[in-house]
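Note that the protein sequences, when read in sequence, are chains A and B.
Using my numbering, the first residue of the first sequence is number 1, and each one after it goes up by one.
Using my numbering, the first residue of the second sequence is number 1, and each one after it goes up by one.
Keep in mind that the hints were calculated from the coordinates and are not lab data.
Every residue gets a Cβ at the ideal spot worked out from N, C-alpha and C, and that includes glycine.
Just so you know, not all the hints are guaranteed correct.
[Unchecked claim] Derived list of chain A stretches under chain B, where covered just means 3 residues or more per stretch with a C-beta under 8 Å from a C-beta of chain B:
1. 2 to 15
2. 20 to 26
3. 42 to 52
[Stated by the list, open to error] Here are some of the chain B residues that sit facing chain A, going by a computed Cβ distance under 10 Å:
4. Glu14
5. Ala16
6. Leu17
7. Thr58
8. Ser94
9. Gln96
10. Leu188
11. Lys202
12. Thr203
13. Leu207
14. Thr250
15. Ile318
16. Pro358
17. Pro362
[As the list claims (entries may be wrong)] Simulated restraints on C-beta separations:
18. Thr12/A to Pro362/B: 21 to 27 Å
19. Ala226/B to His21/A: 36 to 42 Å
20. Val367/B to Ala36/A: 28 to 34 Å
21. Leu10/A to Asp256/B: 15 to 21 Å
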Amino acid sequence: MRYHVLAGVLATEIGLLAALHVDATADMWSRKSEHAQVRDLGAALGLTDLAIWTEARYTRHPSQADFFSAFQDFPGAIEHFPAGSIVGPPAHLRPTEWMASTPSQQAPRP
Amino acid sequence: MTRAQFGKHLKILEFALASMLRRRMKNAGIVVVFSAVVFLLSSIVFLTSALRAEAMATLEGAPELIVQRTVAGRHALIPVDYAEVIAALPGVGSVQPRYWGYYYDIYSDANYTLIGVPDEGPGSAGQLPLHLVEGDMITPGRTEVCVIGAGVARARSARIGSIVSLRNSRGWMQEYEVVGILAGASRLLTNDLILLPERDLKTLLGLPDDRATDLLVEVYNPNEVANISRKLLERLPQARPISHAEITRTYDTLFDWRGGLLLAMSLGAVAAFMILAWDKATGLSAEERREIGILKAIGWETSDILELKLWEGAALAITAFLTGITAGYAHVFHSGAALLRPVLQGWSTLFPSFDLAPRVEPYELGVLFLLTVAPYIAATIVPAWKAAITDPDRVMRAS
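Please model the entire structure based on the sequences and the hints provided.
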């Protein structure tokens, strides 16, 4: 009965995945209060960004970056930080309806 | 479904598995490559999804409105008296100047973020959770002290009571005593921070008295932020308002896995897998063609042969999919995405270690399943169907 073997293999894999998930979420409740504390710390210090990429100011604080931050070293400068390749352009630089509208219809950008 | 029909399906499955075992090396090879592709894709999806969720949860407390000043398209120091103009707008509560900046440390080759703590202490925007500070926080009136993030403590081998020296704007070394270290739990937010008393920070960075880095604006009604930003721009054309919604939107798009380089890189691997799967699945061997011919000749229906191939494809693809997903899950949530870390890290010297809360979106799992399992099963069935509708005699003679 080979299909029993297949069923066994699939059940083992699902069981392993479930066990990993249970193990990883076991301390979720304690981490919820930790999250709230981190959020309060961020609020108290006025923090706006995650400290993941610290090599350039626009990767350290993507939400605070200048409008043309990726090309700010000199006009036409090519982005050279690896993180700049990983992170997408900020929301305000993404092609939007704003760009699709005619210039006369365009309101000042926020 | 009657018992007889169910028994027939089981027998076809049994036959499919026996057939797969006869070509075990070929099928094992496909399972390994298939699992590796699913592992790579699921690792990226799990990591970006968990990072996005972490960012959204921790940045919930980010300020409602920040006002910066731009000159020639670049961020510039903002005059402190802008605060009076902004505070006069209806719906605006307090306006606090913020003093912060960057510091490149030649000793550790790392960039730190320096933040000034006002004399009245941090916590104007909320209660400071002191559990997250090992040691003390900067208290009013203290000078030449600092609180550092876990990454800075590691880079400088600093402990509470250690001295951290920083070069000030005149080129002299200035010493600060470490009174507290921000706990590891907050490292995704505070890893590279050095908190200094506001006056010390202004001296260190050489900030003029009438200028701040930006302004923190309290807005009574968050729905009014867009209106206030518009009015503010009318009065202060050089201002650049950044709302809480923009901050969260930035992080939402930043971790948009579909737009990431990681996925672009892995597209090559996916394409290679597709070619391999297509080649293995569509290139029915002479033996397989003859097998189909014989089955047809002994009375199997075309639908039975399609079911046989469906079972073969499904057994292989689902086994590989589950293996890849399980490995991807373990990789991201149990080993801190160790394999993706060098790619994510880039040139960051102070890269925080991840301890991400597990997060699995059914939608993303569904997309992964449809991108990998469905094409493979389709690629298995189509050539079998072509062979099955051909005259058995011709199929056997051709092979």
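Results of checking the hints against the structure:
Coverage of the segment 2 to 15 of chain A by chain B holds in this model, with 8 residues showing a Cβ closer than 8 Å to a Cβ of that chain against a need of three. Counting residues of the segment 20 to 26 of chain A whose beta carbon lies closer than 8 Å to any beta carbon of chain B gives 5, which reaches the threshold of three, so the coverage claim holds. Chain B is given as covering the segment 42 to 52 of chain A, and this holds because 11 residues of the stretch bring a CB closer than 8 Å to a CB of that chain, at least three being needed. With its C-beta approaching chain A no nearer than about 6 Å, Glu14/B sits inside the 10 Å limit, and its interface hint holds.
Below 10 Å, beta-carbon pairs count as interface contacts, and Ala16/B has one with chain A at about 9 Å; its hint therefore holds. At about 4 Å, the closest approach between the beta carbon of Leu17/B and any beta carbon in chain A falls short of 10 Å, and the interface hint on this residue holds. At about 5 Å, the closest approach between the beta carbon of Thr58/B and any beta carbon in chain A falls short of 10 Å, and the interface hint on this residue holds. Given the 10 Å rule on beta carbons, the hint for Ser94/B is violated: about 12 Å separates it from the nearest Cβ of chain A.
With a least beta-carbon distance of about 8 Å to chain A, the hint placing Gln96/B at the interface is held under the 10 Å criterion. With a least beta-carbon distance of about 5 Å to chain A, the hint placing Leu188/B at the interface is held under the 10 Å criterion. Interface hint status for Lys202/B: violated, as the beta-carbon distance to the closest one in chain A is roughly 16 Å, over 10 Å. Annotation: Thr203/B was flagged as interfacial toward chain A, and the flag is violated, the nearest CB pair being 20 Å apart, outside 10 Å.
A least Cβ separation of about 16 Å between Leu207/B and chain A goes past the 10 Å threshold, and the interface hint is therefore violated. For Thr250/B, the interface hint holds, the least distance from its beta-carbon to any beta-carbon of chain A being 4 Å, beneath 10 Å. Annotation: interface hint on Ile318/B holds; nearest CB of chain A at approximately 7 Å, less than 10 Å. About 4 Å separates the beta-carbon of Pro358/B from the nearest beta-carbon of chain A, less than 10 Å, and the hint is met.
A cut of 10 Å between beta carbons decides the hint on Pro362/B: the least distance to chain A is about 13 Å, and the hint is violated. Restraint check, Thr12/A to Pro362/B: a C-beta distance of roughly 22 Å satisfies the suggested window 21 to 27 Å. For the pair Ala226/B and His21/A, the beta carbons lie near 40 Å from each other, so the given range of 36 to 42 Å is met. The beta-carbon spacing between Val367/B and Ala36/A, approximately 31 Å, falls within the hinted interval of 28 to 34 Å.
Between Leu10/A and Asp256/B the CB atoms are about 32 Å apart, so this pair departs from the stated range of 15 to 21 Å.
Checked against the numbered hints given earlier, this structure breaks hints 8, 11, 12, 13, 17 and 21; the rest are met.
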